[in-house]
Amino acid sequence: MNEIYYVIVAPIFFGLLGFLINRLRTEFDLVAFILTLWYAIRIFIATRTQIISYNVASIIGIDFRFYADSLAGFIVLFNAIFAILIWLYSLRAMSKAPRERAYYLYVALTLSAANGVVLSGNLIFLLLFWNVLVFSLYGMLQVGKVYSSPAARKAITIIGVSDYVMMLGIVIFLVRTGNLNFPLENTVLFTDVWLVVSYVMILAGVLAKLGTVPLHTWIPEASKVLPASTLAFIPGSLDKLLGFYLLMRISYHIFDITKYVPLQLTLMIIGSVTIIFMALMALLQKDAQRLLAFSTVSQAGYMVLGVGTGIPIAIAGALFHMLNNVFYKSALFLSTGSVDYRTKTTDLDSLGGLGVKMPYTLFTFVVAALALSGVPPLNGFYSKWMIYQGIIEMSGKIDIWFVFLICAMFGSILTLAYSLKLIHSIFLGERPKELSKVREARFEMVVPALVLALGCIAFGIFAQALPLRHLILPSLGYDIGEAGFWSPTLATVLIIVGIIVGVIVYLMGTAMKPRRTRVFVGGEIMEEEAARMTGPNFYSSVNSVEMLKKTYDFGEGGAFDFYNYLRGAAGGIAIVSRDVIDRIITSIYRIIGRIATIVGKLTSLLHTGELYTYVGWIFLGGIVILLILVF
Amino acid sequence: MIGLDFFVDQYGIFLSVIFIFIGLMSLIYGLATNREKGHRLEFYIMLFLIVGSGVGVALSYNLLLMYILWEISTFAVWRAVAYYRGDGEISASTLTFLVNFAAATLMLIGFSILYLDNGTFNLTEIIVINDTAAILILIGILTKSVTIPLHIWLAPAYNAIPSAIGASLAGIAENLGAILFLRLFTMGNYGAPGFFNTVAWIAIISSIIGGGVALRVNKLRSLLAFSTISQLGFVILAFAVGGTYGILGGVLYIAAHALAKSGLFYGVGVIEDATGEDDMRNVACLLRLSPVLAVSMAMLVGSIIGFFPMLGFFSKLTVVIGAVEKTAYFGIGAIVAAIFTLLYNARFYHELFFGERCDVYKLRAKRPSYTGVAVAFILAIVSLLLGIFFYQPVYYLTTGGL
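Protein sequences appear in the order of chains F and R.
With the working numbering applied, the first sequence has no gaps in its numbers, which climb one by one up to 631 at the end.
With the working numbering applied, the second sequence has no gaps in its numbers, which climb one by one up to 1402 at the end.
Treat the hints loosely; a few may be bogus.
Claimed, not checked - Pulled a few chain F residues facing chain R out of the computed Cβ check, cut under 8 Å: (1) Met167; (2) Ile172; (3) Arg578; (4) Ile585; (5) Tyr589.
Keep in mind the hints are simulated off the structure, nothing from the lab.
Owing to the predicted nature of the structure, the values given are computational and were not obtained by experimental measurement.
Each residue gets a CB set at the ideal place from its N, CA and C atoms; glycine is no exception.
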């Protein structure tokens, strides 16, 4: 199967050619992405019916092996599809950006490495490609809208640390099983506490890639300074694909977490916490890209939650949700990017009323936002529904299943709230004066977003017939019949729960007493602009809810930021090392030096320069030698 | 008792090639940058002595011969550190010489005990290793391969030495201790497991503390010095745990660290010459000064951190495999040290080449030396190629065939 080589080598080879020969860059990149897509399709088709597996080399007892099953084929296909869409979008959006040349090289390198991760059949081999992604991420984050270097440093620190932890987890796992070539398709049981530890360590790397609490903080940070295409490409799509892939591999192929409930609970708790807190953070944001970044993190929670249940329908739902999320989140990022391209801002306060000016963007945005919030019949609804089903099926296994269900549903409500806020703030409402000349974005920028939005509709309406039957279920090897059966009783219960939660939110909040602001015009003629109600302002009642406000202040203050804690701990050890340990050692050496000096001084006292002192010493010495010789 | 007892095995050859390559780069860099009229000859003599003694130690199997070469190396470093003849340089070189010489004397006592016990200095024939002798020799080794608490001489030496020889000191002279440890203890007959475990823990703690200090210091060369301390901890750890992966990882780690650290030394030298600053806080946004230098330094720093396309990745991985095979706690210690490596390197690179607000920063610098940038670039490319085609050196080191 030469295809496997090609999907890894082609992007970086042609990408490098394009980087070196700048004049023909677009042509080379086109060749790179088309070739990759072509071979990815061939891999996808081949892996439907067979498993591809062969050795490249083996040294020091490590086999470097390629391995592609149906899940890998699926991920490779979507890697290629998203890379080509993002590339197409970037052609216009990134043109004349600083360091544009390097940007395309990083896109190609990321695609190569991502394909390598998915196709490697050995954990050490996988680690090689996984590491390349850190390099390309750091480079890509340097190509910002504005100066993005601190965000890049933060990202590389978080990702790098979790990669180290993952490397240690993999090594402990391989050494404990006694087989450095542990094949991805074999399963071990948690017979040893070190195996549990190694699972958790590998999980740290996976969750950093997926971007869940507490390893997500670089994504919102980067969203302030990065262009939309980078956001859509790395945290929006490829990281989700890869993170999900590896999460599936370690949770159900290498280990089997259904055999060890505490790990399942861990995953589900991480998922639920991510969903709720990040949706709350998203609701309170004032910048479109930053809001979407929090939303991306929040949606990753659903995937982890779904995988954590261990119920086939929820796992399929999680994979479907991952795919859907990649679709609508990329569409949202790209549409926001189109708005940014025309208006030069993503600040919700200065946007508004663009729907008339940018109808195609409005369409893609609304479809994607509704899909995100799980409105039927769009795709987001179906995948969330499958996850709910899975959680309900958990009822026999763990007692607190309903907590997770409530979290997932409450998260969904919050998602709807912030989606509406986004739509309202950008496309509806009053238009600020300066935006009156805005036009629809360029053709090349509209098309990728439009394709993704139409994908959302198609995957929603034909969820059973198209994606589930042909993509999701075969990739997982599950056969769960009519997935996502509609049970009226359940639906009623769920709707009642939804209403109760809604009532609680209503009573808890300030929604009962609308906020009134008095307008003083002082005799002047009131200009339209002064009376404009911006989107975030419209939603600012939410910020005044005490609990939410606290959360928001904590979050913005960096209280949930793993990076700050890491830096704090490392800084503490650094201070101890330098100002205590190093200083003590230095002073010990200094004391030794002092002693040597003092001894020198003392002996120099003996050198008086007078003859009789020396003669006295000679006699003394002679007596000592005599005594030694005699006895 | 003593003759020119040299032998050839794959480790010796591999390390010699690396050492000679680094020496060659030092020579090129020295020819281009060292325009001082006065005592230039001393510069080249000391450079050749460092390279020669490094190759000699890597290839000899006689302890006494090793000791002589070791002292030649100490002597050359002593003269090289004092090259600029300032007060600070003289006192740094005195410190370097005294600490190294005292430790080497203790080591010589250890060698003598081995000779009395075994009747030979031949490494292959030494069967009995006395505990006292082992500890005395260990002091010499840890001083040469700067391990806390015997690291005291390194930071002053780095600050004083000319960049060209500094790269050779970082790449060659410091590794002699680790090589002796490999030859005498890891591949030898010393059978006290407590000894190896203690050395491994010393190495891990030294690596963590070195990384911690590197996170705090602001002088560029002091940072390089403590980075070296933290990296050599990995090498000693690898040789202390031993086994196939330990030995392979240690030797690869020496190569990766030597190439990367000497490249960083040239890079720092170029930066110091161009900006006239030796403090990290006073320089920023050097990406604009020279993008090639920025890319080379990114690769070199990546190699030290251990990201894949660089040689540093595979060496770190094998060290960790070797450590975990002994016990998983060594692995955890190594990863904590590696996290510090990541943190201080990210800080170093970020502060130098970017900084907080590059869009408004005014960069004051002369044109950087082309040769210096080229040398750093060549070392980065060599690290990259060895990293991509890592199976070649790995195959050579494990089987001895090409």
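How the hints compare with the structure:
| no. | hint | in the structure |
| --- | --- | --- |
| 1 | Met167 | holds (7 Å) |
| 2 | Ile172 | holds (5 Å) |
| 3 | Arg578 | holds (4 Å) |
| 4 | Ile585 | holds (5 Å) |
| 5 | Tyr589 | holds (5 Å) |
Hint check: no violations occur; every hint is consistent with the structure.
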